[in-house]
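Please put together the full structure from these sequences, using the hints given.
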Amino acid sequence: MKTFYVNARYLIVPVMTIATILGIFIGNTFAWLGVILFGANTIIDTLTRGIHLRADFDDNGNSFGIKRLQYAVMYFMLPAFIFLQVILAWRLYQYTAFIPFNDFSFFGIPYQDGITGFNLIGSVLSAGLWAGLGIIYGHELSHNRKEGFLTSRLIMALSGASHFTYAHVYNHHLDLGHEDDPATAPRGRNVYTHAWLSHAGQSQYSYNLEKEKLLRQRKSFFSLSNKWILGYLYSLPSIFLFVWAGGFFGVLSLIVVWSISNFLLEALNFMGHYGLIREKGKPVEHRHSWDNDNLFTSWFFIEIGRQGDHHVRGETYFWELDDVDAPNYGIGYFSLFVLTLIPSLFRKFTQNLLDDWDRNKATSAERKIANQFSNFS
Amino acid sequence: MFSLFKKKASSYSATLSPSGKVINVKKGENLLTAALYAGIKWPYKCRVGSCGTCKCKITGGKISPEIDFSYVLNFEEMNTGYALACQTVLKTDVKVTINLKK
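Going down the list, the protein sequences come from chains H and P. Quick note, the first sequence lines up with residues 1 to 377 if you use the working numbering. Quick note, the second sequence lines up with residues 378 to 479 if you use the working numbering.
None of these hints come from the bench; they were simulated from the model. Any given hint might turn out to be false.
To be verified - Computed cross-link-like contacts, EDC-like style, restricted to lysine to aspartate or glutamate with a CA-CA straight-line distance of at most 16 Å:
(1) P:Lys398 <-> P:Asp470
(2) H:Lys368 <-> H:Glu279
(3) H:Lys146 <-> P:Asp470
(4) H:Lys227 <-> P:Asp445
(5) P:Lys422 <-> H:Glu285
Claimed, not checked - Reference listing, derived: stretches of chain H covered by chain P, where coverage requires no fewer than 3 residues with Cβ under 8 Å from a Cβ of chain P:
(6) 169 to 178
(7) 208 to 221
(8) 312 to 320
Positions of the beta carbon are idealized from the N, C-alpha and C atoms, including for glycine.
Structural data, given as structure tokens:
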């Protein structure tokens, strides 16, 4: 029973992604289902903010997580996210081709042919929000096994962000808490600025990483060995699909989907390390990451919020990550995300937490660096 | 032909040089985790294959790299058996040279 509970609790996103796909397929106001679910999750996350659980192990210290099952689910999410784009493209085609409204049934599932502009907007927003949640699988798979790494790249490529996988492992994990890490947000920066700077910075890092590697291997920069270029090529099918399906509206929709999904990705980076400081070259410790580990966030985001443990034991499977007394926002990602959208509110919320970090967790050298930001925090 | 039906080992051994210590590495487990569990003070930092601190030389046996080492190891190291212990899974028993004084 415990094994079932530990493994089933991480299926919220797969189930809701399928529901979002079905919503777009059924059409009419169901096209907004992804948006509604996202909103409902924010409420659930806020209501469960006080419940924090530890990782589950048996008496011998073995985890209840079933590796094969959890990996199968993560790999399954690649075709699921592809299907999310295909179903949106189908709706775009229906809108631009002025397909008349008719009610049909497909293997017993009723759906409405044709879509209004309003419900198309709902479809695009739903797809963008749930494509953005692909980050949790793109992230987890970036740390495990060769085929997992490629799957991570392909999932991220669906949002035009395949560079993330390399930048995350080789840059973020090495340089977090330091200005060399574009994914770490310094104090005073807001999430909107961070989204641009972090995205561009990580892509730039990945570009330089490939440039140096290919130079060492005496290969041309313009080759299929260049993972930076290859990553963007992986995104081409999405572009072709949306241009083919919707022309101008297709391009517009893809821009919206990619903007939302990349914004969610960078918001997670923003929340994960905002304002925390590490001296360059010093070991990464639990205090250099924020934990968001209330019940719903932990289950929904497959423990990505246990950043403190993850950054110290990067090879550890998500279901084995635990509370390590890292700095903790005390609330979940959904609730915190709402705060980040209002920068003044977010700064006010984090002020006391950062003051506490400076006083009780920072080294004197880190405190000295923190003082440089005192006017912004 | 019958090797197809041979039962695969559930763990392999890694003989460390110069200490001569032998550690047990479970199937699928990485070399660094097994070494740390065995109480070896193996130098490490990131544990995701990006810093190169856990670098070692495989002098015998077969391994499976979990990630592409070429971003961290140089051309010479790549061709002389170097590996990143945190991203190394064993395929057979191995011999490893490691500088624990780092």
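Going through the hints against the structure:
| no. | hint | verdict |
| --- | --- | --- |
| 1 | P:Lys398 <-> P:Asp470 | 13 Å, holds |
| 2 | H:Lys368 <-> H:Glu279 | 10 Å, holds |
| 3 | H:Lys146 <-> P:Asp470 | 22 Å, violated |
| 4 | H:Lys227 <-> P:Asp445 | 11 Å, holds |
| 5 | P:Lys422 <-> H:Glu285 | 10 Å, holds |
| 6 | 169 to 178 | holds (count 5) |
| 7 | 208 to 221 | holds (count 4) |
| 8 | 312 to 320 | holds (count 4) |
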